[in-house]
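**Student:** Single-letter residue listing:
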Amino acid sequence: MSAPGGPSPRRPAFAPLAEETRAAMRRLMARYPNPRSALMSMLYLVQAEHGCVSEAGIEEVAGMLDLTKAEVASVATFYTMLKREPLGRYLVSVCTQPPCALAGAGSLRRALEEELGVGFGQTTPDGAITLEEVECVCVCDGAPAVQVNYESYEHLTPEAAVELVRKLRSGGAVPPPVHGSVPVPREAIHRELAGLGGHDPDRGGGES
Amino acid sequence: MKAAQTRVLTARWGDRGSHTIAASLASGGYEALRKALATPPAAVTEMVKVAGLRGRGGAGFPTGVKWGFIKRDEPPTYLVCNADEGEPGTFKDRELMERDPHQLIEGMVIASWAIGAAESYVYCRGEFAFAARRVERAISEAYERGTLGRNIFGSGFDHDVILHRGAGAYICGEETALLESLEGRRGQPRVRPPFPAQEGLYARPTVINNVETISCVPHIVANGPEWFRKFGTEKSPGTKIFSVSGDVERPGNYEVPFGTPARVLIEELAGGITGGRKLKAYTPGGASSTPVFGASKLDVNMDWESVQAAGSLLGTGAMMVFADDACVVRAMERFMRFYARESCGKCTPCREGTYWLAQIMRRLEAGQGRDEDLDLMMDVQANIGGRSFCALGDFATAPVISVAKEFVDEARLHIRNKGCPFER
Amino acid sequence: MSAEVTVTIDGREIAVPAGTLVIRAAEMLDIYIPRFCDHPALAPHGACRQCMVEVEGQRKPLTACTTPVTQGMAVRTQHTSEMAREAQRGVLEMLLINHPLDCPVCDKGGECPLQDQTLAFGPGASRFAGEKRRYPKPVRISPLILLDRERCVLCARCTRFSSEISGDRFIALFERGALQQVAAYEDEPYESPFSGNIVQICPVGALTAEPFRFRARPFDLTSTPSVCTLCASGCRTIVQTRRGEVARILASEDPEVNEEWICDKGRFSFPRAQRPDRATEPLVRKDGELVAVSWAEAAALVAERVGSARERGAPIGVLSGGRLADEDAYALSRFARGVLGTADVDSRSWTADGEEDAVFASMLGSPGATYSDIEVSPLVLLLGCDPREESPILHLRLRKALNRRGSALFEVGPRATALAREPGARSILCSPGTEAGVLLSVAWLLVNPFGLPVDDATKEGLSSPGRAALRDASGVADEPVLALAEALRAAGGRAVILAGERLSRSPGALAVAWNLACALGARFGHVPRRGGFRGELWAGLHPRLLPGGRRVEDPAARAEVERVWGASLPPVAGRCARAILSEAGSLGALFLVGADPASDFAGFGASAVEAAPFVVAQDLFLTESSRRADVVLPARGPAERAGTSTDWEGRAAEFEAAVAPAGLSLADRDILAMLSGALGEAFPTRTRDLRAEMRVLERSPQAPAAVGAPTPALPEPDGLRPFSLVTYPLLLDAGTMLAGSGALLEIARRACVEMHPGDAAALGVSPGDPVRVASAMGEIVGPARLSAGLARGSVFVPANQEGLRALALVDPFAPVTAVRVERA
Ligand SMILES: Cc1cc2nc3c(=O)[nH]c(=O)nc-3n(C[C@H](O)[C@H](O)[C@H](O)COP(=O)(O)O)c2cc1C
Ligand code: SF4
Ligand code: FES
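Chains L, V and D, in that order, are what the protein sequence lines are. Residues 1 to 208, numbered by my numbering, are exactly what the first sequence covers, in order. Residues 209 to 632, numbered by my numbering, are exactly what the second sequence covers, in order. Residues 633 to 1456, numbered by my numbering, are exactly what the third sequence covers, in order.
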């Protein structure tokens, strides 16, 4: 897709989607009176497999839904959870809206940037973590809040945040959030966002 | 603590495993559905009308009236639950889904019975992974127990609930943008007319209701409209969940009858301002509160009519609290940035106006503002408010109006100091 | 919707149908409310907010383009309301904060509503002191169209046109908020034969067309209303000239015809500079070379040769080719029959023995289908026509019927058209040449279980023994035939049957289709490919028809014409083009008036032109045929002469000359008058006189009458060549009129050999593989393209694409050309 303001940066070429992924997409399409409703879910599946909404994925989805690539890209570029650059294994999202800002989101951000050596919108060179800014994830009662692959960690101190990303990077056991589930890696969470699986009773039934 | 909550929607929240169907059934869950399915649909709608239930998504539109617009005789019709909660400061719908998803599903089936919908959708904000997981699990439990699916409670009524996750766009909380998104398109609002009640999802008659709104429904059906009206005020009946956050000791969701004074919520339930500081400001209704209230408004009763009479809007009931060392200009600059990023881009005033205002406010906050900027900001916001395609544009005027109306001295201080005079 | 409501706008009252938008109601009162996103042909959008007005009782201004009027509504526009003025001024300021100040170099300068409104009541200086949005410029979204994003006001007219009107959804809004922008996907260019329309409806200079970009200022142009004659759609245009040359062609509005669209061929294919192959002076062959001579010399030579042919009793053939204005066509018919005394006249490139005349004769004298009929018809049956390629505006109207009105469409033929993808459309694929069998089966069902009353001739046709065999040969299953019959029965007289000129090549099919329409009381439309055809047919440029659709064998009809012409007419039917050409060697003279048989009939045509002892070519260009002629008489081109043009509906429109003629060229009618003079025969010399005669010869309309039993023929299997060739020219091809149209030709599709995936698999052919197609006439090799929209056993090759011309394969003597297909 053309990036705003210029030619799109070079992006790795991705293999065609796996046959299972296509089969899953067809199941998603069948869920709705109009298959196009599955478009965003299908793009999540592309993200699960390629780490971002790849050009190969856009082409496949367009073909399956009988849309042009322009139509698919038009949707893909509208939503912030659909990414154009490959995500790290974990996406760490720091909320900077007032409740979190008042509670110290600024120092969280600085600590994380220092620890990871990357800024908002960037991914660590080892591909483990993508850091981003978000606009209120509506866990203001847990400010400052950070999401890791969309699981919320509340009341984080800069030290706890650094500890958390170290564990995420090293593959060690990650502390559970105050309520919610332990984050799963990129592929699993995007499959779940697509509407596939995820209602695993244990994960859904975690501590509240 | 002097005050206590009035737990109707949040009654099960303290229970262990409150999100499971076992816990729900053990405490009377789905009894209202059984009762509703034995009541003619029109009578269910009537009950909701008489109860005076008003939409909790922000606009306060009477829910029963909305249901009454639906022509039931031409199926299919749809119910869509708006679970896209994204207004900064609001977190009630998330917790309602996390802690009592069955209450929501029960409400959805009742509402669907009333409007004749065989299918309904929960449009859940994409970032709410945990809440969505809870809802998804609850849906499968409900199918297992027969409170969803074919022939519910032997009534002959079939109903399916489909969970649909968003992908990151605040505008998709706006009901017609939500429908576009649910149809796999860019979440940009639709022209009205036709209204969703005439041509909504897939161009069929559709009702869109907020999570909290729908969660009220089982209680109205179970206990009757009169019981519901015992809470709250004449014009704002029932209880309301207020999301209190910011500089308070115990941020959280608090359920109280409409009309409870803000002071009770902030000072008593939420434990007052942290660190013994003083209140400077609070939002009565999230980032879109136009304007934010100063400390003098602490005794405003939290219901639609009183907040409006005091000059602002109740919105979603999200109370972000700012202590006296917090910079309101900075907070408003953040809100402005939020709206600029979340503007969908469809209409000129909101797209260009938020782009412009975000630049002015950034300048102001950074101490590079000029005296004329205050007037310019007011002029620009006046060209957005009431002129934009949807209410996001109106919301986006809140930060400017708040600064100009209540905190203009702080703004001037930024200009004079060439920087922010506050700690935070 | 029929109820009327009364609304007051700026104090003036008007009654309008309920549901009318305020902006339209205001227009009816000649009150102009400024707008950017609103466009009457597009669904209400309400995005730019420029059209805000005050409505009594409303706290906030409302957008006039999305607000339907209600009874008693009182509206105040910017003329009378401070609120409306303020709101509009506010929006204008917002639109300008990110707009570049490049009006002096912008193509739109001078016809830009943003510029106009800013001048009229915009701010003098910008209060915006921040950072402007910038984009590297410009984006080439197709070879024809460029996009300057920073000029865009995001009205979405272009993207909405592409999804709502043309269906070519290759441009869309990308990103959101302040970064929102129009874009095409990187490797998916904006391919549309209607792309020029987005340039015309773009309210600012964001979209520009390569052929016009930076070439002229709108206010330096002279405009002449015109009619496009490149196909039979009948589009109204505006030809804009600068220093006597065409600079640009725009769509003009006619709600009954092209609404406000034209296709890219009509818009971009005018000859820009003098083309080297343009015929500008009379030429005569001397010692084997064509040399320039005076008109007098050329006319004298023609007169001499015609005179000697007549003395010898040698036949004279007259062919025309579909580019003539009605007056020229009439003059030619009058010249051929009245002056030359020949009946061997034809304007067709096909042969349909007998049955076609009866249909045409009745059709020319009775009311036929119109665009408006199509729009409101619940069911259209489309036969032998690919509207997107052959009549693009008809394609748009059919699309509108399907998408906006929920109509249904059935098409029967060997190749599915682009319409088959639209909602409510269904394609019944049959082997070429078997259309009559499918239609007879439909008619049979209508008569038998459904009890439709039909005339005897039709009944006779139905019981024709060939019917069942043809049905079998068609390869069509029972279900779609039944579905079509049921749909026709339900629609009855409200159905529309459209037959393209190619239907005539399928024996019997045109007559069955016509009779079906008669039996149902449905409207019938004949859609020729070329813009002049309908006028030529009316004029009698047909071996068996006289002006007005009079049949040559009818003595009373002949007498009517003889009276007007003061000449006696041969009572015999003439020969068709193919027959004339096959005996070209025995002709006394062959007249080619805008006809190019050497192209249209490929090798067969070229040898015929060579064989004819004396060839007179009246043409704009030195074509394959005129290059071989003995006399070339330069004719004036479309924008160079006034005239009348009749579209496929039979609707006539007059146009004026817009540019000076090339060289010494003359209008065809004037050339013919000159030749008559040289032959010593009287001939009307003024257009006015020709028109007067044409009016006299106009027949009063009669009810359409069923024609005699059709004569379907079973395609004969050819063991050596088991495939059937399907071919027709695409909209943008290697045709003469398009030569030199630069960027337009870049969007012409690359030709492929299209085949059914099943056939391809059987032959071991994969997409892109080179495939050889061989007929008795020749062979070609092209890359394979697989399409399920093709009947089994058929291959489609476009007739005249650069590098791959199926014309070279076509057997002029067989209704269907048999071919062998194999991997090359
Ligand atoms: C920009 C914008 C964002 C909105 N976001 C939400 C939301 O997140 N949740 C919600 O329930 N309503 C939201 N609304 C309100 C909805 O449009 C709609 O009024 C509501 O869902 C109706 O439900 P109710 O009648 O139950 O309140 C939003 C409105 C706007 C204009
Ligand atoms: S106000 Fe306009 S630009 Fe803003 S969100 Fe609504 S429609 Fe989109
Ligand atoms: S013309 Fe009405 S909003 Fe654009």
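Possibly wrong hints are sitting among the right ones.
Claimed, not checked - Ranges of calculated distance between the beta carbons of each label pair, as one might list FRET restraints:
#, chain 1, residue 1, chain 2, residue 2, range
1, D, Glu1378, V, Asp366, 22 to 30 Å
2, L, Ala188, V, Leu506, 45 to 53 Å
3, D, Pro1187, L, Asp66, 37 to 45 Å
4, L, Gly63, V, Arg458, 48 to 56 Å
5, D, Asp909, V, Arg400, 40 to 48 Å
6, V, Arg400, L, Ala188, 21 to 29 Å
7, L, Asn34, D, Asp985, 48 to 56 Å
8, V, Ser504, D, Leu733, 29 to 37 Å
9, L, Ala188, V, Glu442, 37 to 45 Å
10, L, Ala188, V, Glu352, 37 to 45 Å
11, V, Arg458, L, Asn34, 40 to 48 Å
12, V, Gly575, D, Gly756, 43 to 51 Å
As the list claims (entries may be wrong) - Think about it this way: if two alpha-carbon atoms lie no more than 35 Å apart in a straight line, the pair counts; the simulated DSBU-like pairs of lysine-lysine are:
#, chain 1, residue 1, chain 2, residue 2
13, V, Lys626, V, Lys505
14, D, Lys692, V, Lys443
15, L, Lys83, D, Lys692
16, D, Lys692, V, Lys613
17, L, Lys83, D, Lys918
18, V, Lys613, V, Lys505
19, V, Lys438, V, Lys505
20, L, Lys167, L, Lys83
21, V, Lys505, V, Lys443
22, V, Lys626, V, Lys486
23, V, Lys257, D, Lys692
24, V, Lys257, V, Lys443
25, V, Lys486, V, Lys279
26, V, Lys443, V, Lys243
27, V, Lys505, V, Lys486
28, V, Lys505, D, Lys692
29, V, Lys279, V, Lys243
30, D, Lys769, D, Lys692
31, V, Lys613, D, Lys769
32, V, Lys279, D, Lys764
33, V, Lys486, V, Lys443
34, V, Lys279, D, Lys769
35, V, Lys279, V, Lys257
36, V, Lys626, D, Lys764
37, V, Lys257, V, Lys438
FYI, nobody ran anything at the bench for these hints, they're computed from the structure. Since the structure is predicted, the reported quantities are computational estimates derived from the model, not experimental observations. Just so you know, even glycine gets a beta-carbon here, dropped at the ideal spot from N, CA and C.
**Student:** Verify the proposed pairing of Lys279 of chain V with Lys769 of chain D, using a straight-line Cα cut of 35 Å.
**Tutor:** Measuring from Cα to Cα gives roughly 51 Å; hence the hint is violated.
**Student:** For the range 40 to 48 Å, tell me whether the beta carbons of Arg458 of chain V and Asn34 of chain L fit it or not.
**Tutor:** 46 Å, holds
**Student:** So if I understand the rule, the pair passes when the alpha-carbon distance is 35 Å or less; does Lys505 of chain V with Lys692 of chain D pass?
**Tutor:** Measuring from Cα to Cα gives roughly 28 Å; hence the hint holds.
**Student:** For the pair supplied as a hint, Lys505 of chain V and Lys486 of chain V, is the alpha-carbon distance within the 35 Å limit?
**Tutor:** 14 Å, holds
**Student:** Checking one constraint from the list: CA of Lys279 of chain V to CA of Lys764 of chain D, max 35 Å. Satisfied?
**Tutor:** 49 Å, violated
**Student:** Next pair to validate is Lys83 of chain L with Lys692 of chain D; report whether the Cα-Cα distance is within 35 Å.
**Tutor:** 39 Å, violated
**Student:** Verify the CB-CB distance for Asn34 of chain L and Asp985 of chain D against the hinted window 48 to 56 Å.
**Tutor:** 50 Å, holds
**Student:** Is it true that Ala188 of chain L and Glu352 of chain V lie within 37 to 45 Å of each other by Cβ?
**Tutor:** 24 Å, violated
**Student:** Should the hint that Ala188 of chain L and Leu506 of chain V are 45 to 53 Å apart at their CB atoms be regarded as holding?
**Tutor:** 47 Å, holds
**Student:** Could you tell me whether the CB distance from Pro1187 of chain D to Asp66 of chain L stays inside 37 to 45 Å?
**Tutor:** 59 Å, violated
**Student:** Between Lys692 of chain D and Lys613 of chain V, does the CA-CA distance stay at or below 35 Å?
**Tutor:** 21 Å, holds
**Student:** Within a Cα-Cα threshold of 35 Å, do Lys257 of chain V and Lys438 of chain V meet the stated pairing?
**Tutor:** Measuring from Cα to Cα gives roughly 15 Å; hence the hint holds.
When each numbered hint is compared with the structure, violations occur for hints 1, 3, 5, 6, 8, 9, 10, 12, 15, 17, 25, 30, 31, 32, 34.
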